[in-house]
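Undergrad: The residues making up each chain are set out below.
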Amino acid sequence: MRLSTLSYNFHQGIVNIWKNKMFSLASIATMTACIFLLGVFYSIGVNFESMVRNAEEGVAVTVLFNADASEEQIQAIGEAISARSEVAKYEFISAEEAWESYKMDYFNGDEEAAAVFADDNPLADSASYSIYLNDVSMQDSLVAYLEKLDGVREVHYSDVAANTLTDFNRLIKYISFGVIAILIAVAAFLISNTITVGISVRKEEIAIMKLIGAKDSFVRAPFVVEGVTIGLIGSVIPLILLFILYQRILTYVAEKFDALSNLFSFVPVKEVFHFLIPVSLILGVGIGFLGSRFTLKRHLKV
Amino acid sequence: MIRLEHVSKTYEAGVQAVTDVSLHIAPGEFVFIVGDSGSGKSTLIKLLLKELNPTHGKIIVGGKDLEKINRRQIPRYRRNVGVVFQNFRLLQDRNVYENVAFAMRVVESPKKDIKRKVPTILSLVGLAAKYRALPRQLSGGEQQRVAIARALVNEPKILLADEPTGNLDNRNAWEIMKLLDEINQRGTTVVVVTHNMDFIKTMNKRVITIKKGVVVDDQGGEEI
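Protein sequences, first through last, are from chains H and X. Residue 1 is where the first sequence starts when you use my numbering, and the numbers rise one by one after that. Residue 1 is where the second sequence starts when you use my numbering, and the numbers rise one by one after that.
Not one of these hints is a red herring.
Calculated cross-link-like contacts (lysine-lysine; reagent style DSS-like; alpha-carbon spacing at most 27 Å):
#	chain 1	residue 1	chain 2	residue 2
1	X	130	X	178
2	H	297	X	46
3	H	203	X	46
4	X	157	X	111
5	X	46	X	211
6	X	201	X	212
7	H	215	X	50
8	X	68	X	50
9	X	111	H	19
10	X	50	H	297
11	H	215	X	157
Hints are computed from structural coordinates only; laboratory data are not their basis. Keep in mind the model is a prediction, meaning the values are calculated, not measured.
Let the sequences and hints guide you as you build the complete structure.
TA: Structure, rendered in structure tokens:
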């Protein structure tokens with residue numbers, strides 16, 4: 001296609017959008033709503049996932065040893081733990097360290113109160129390994145393995161926490177995927193509808209073009225420009241809105257809910273948009289392009 | 001230039017529009033095709049534009065067998081056949097210049113060619129002064145001139161006119177006929193479908209008469 005033809009078709013596509021103002025606006029609005037909701041769901045999903053990951057890191061499995069366990073046995077248990085792929089990190093906590101930590105929590109650093117136990121560590125049999133997992137869903141198999149090891153007296157773990165986190169994370173993922181898929185289908189349908197209206201308004205023009213020797217690509221080009229432009233505008237607007245909104249929420253939470261911001265760490269805006277910008281643009285432009293192309297295919301047989 | 005060999009066209013509903021038509025139109029000829037409404041005249045035009053394919057027979061235009069032209073080659077073929085309709089079929093939202101330039105843009109002509117040729121062709125049809133007018137601001141005769149300019153601007157070898165004067169008063173109709181005659185004098189083969197017998201009697205051209213899809217008379221030209 002010549003450069004002048006390209007610029008003519010581009011111009012015609014923009015003129016078409018202007019001529020079909022109401023339908024174009026409706027399409028842009030729908031696309032904006034779809035991509036905006038997609039962004040909202042993605043942001044919630046990605047933040048929740050990050051929170052789950054943080055929480056998962058805090059879920060520890062504790063391995064306590066038999067009272068008569070030898071140092072070699074404890075070391076062998078440590079080696080067995082380190083060999084497991086689901087283990088993110090593990091640490092040995094001696095009976096003395098356990099008592100120190102307990103004193104800090106329970107006596108709040110009150111040395112006098114704790115002095116009663118000065119020569120008699122009440123947690124003498126509490127040396128342990130604390131294990132942190134990189135995937136909580138693997139907890140059950142690890143616990144079963146640990147319980148069978150020689151010298152292991154008890155394995156402490158929180159079954160409820162692990163299962164709830166894994167299930168909830170999965171549920172959020174499924175809902176997000178479902179909603180996003182529905183939104184994409186709705187956006188594609190609406191763009192196709194706008195192009196259909198545009199075609200019915202310009203049926204005569206298309207027929208004349210075909211009768212005086214226009215190639216299909218020439219007839220198609222302005223409609224494709226129209227679809228792609230609607231898709232592009234419909235994805236840039238929600239991206240800007242989401243960017244502003246996300247930053248505002250981050251600032252607001254940081255200012256108003258100081259305690260909350262210590263508890264949860266939000267995924268940085270840069271990281272969220274690193275994914276959202278390309279995905280939204282590809283979706284917007286892609287839906288616009290495919291929507292217009294497939295709709296036109298049915299109308300080019302003159 | 002145009003050759004039809006035993007051409008028949010039956011529509012899907014079973015209506016036989018054209019039956020066993022054979023005729024030859026030589027390069028540079030001016031031919032009237034006449035007949036009552038429903039006689040198959042417009043079907044003939046549609047067959048020549050390859051809007052329709054014949055059920056039987058062969059159509060050869062400019063040496064090309066239309067049956068052998070595939071869908072992708074149709075645009076190139078149509079660029080050699082200008083067409084004018086009874087209801088003008090102009091783009092109402094574009095001015096005279098743009099309507100004519102449109103035909104050149106459609107065939108992807110360079111910008112400088114468009115700028116050079118459109119004013120020339122508008123002068124030929126006598127509308128140079130009204131190049132900025134919208135179709136609704138023109139009379140029927142003027143609108144048909146724009147349609148003729150659009151049909152001619154790509155310099156087709158054949159001009160098909162389907163009832164070009166059907167919507168015009170007598171004076172304007174005559175103007176259009178004179179213009180088509182002038183175009184023919186310049187070497188373009190002109191085929192005019194009409195039911196107006198006044199022109200036919202006065203202009204002394206070849207007349208092919210169709211009745212119920214069958215050629216019943218062919219005067220002033222050689223029959224094959």
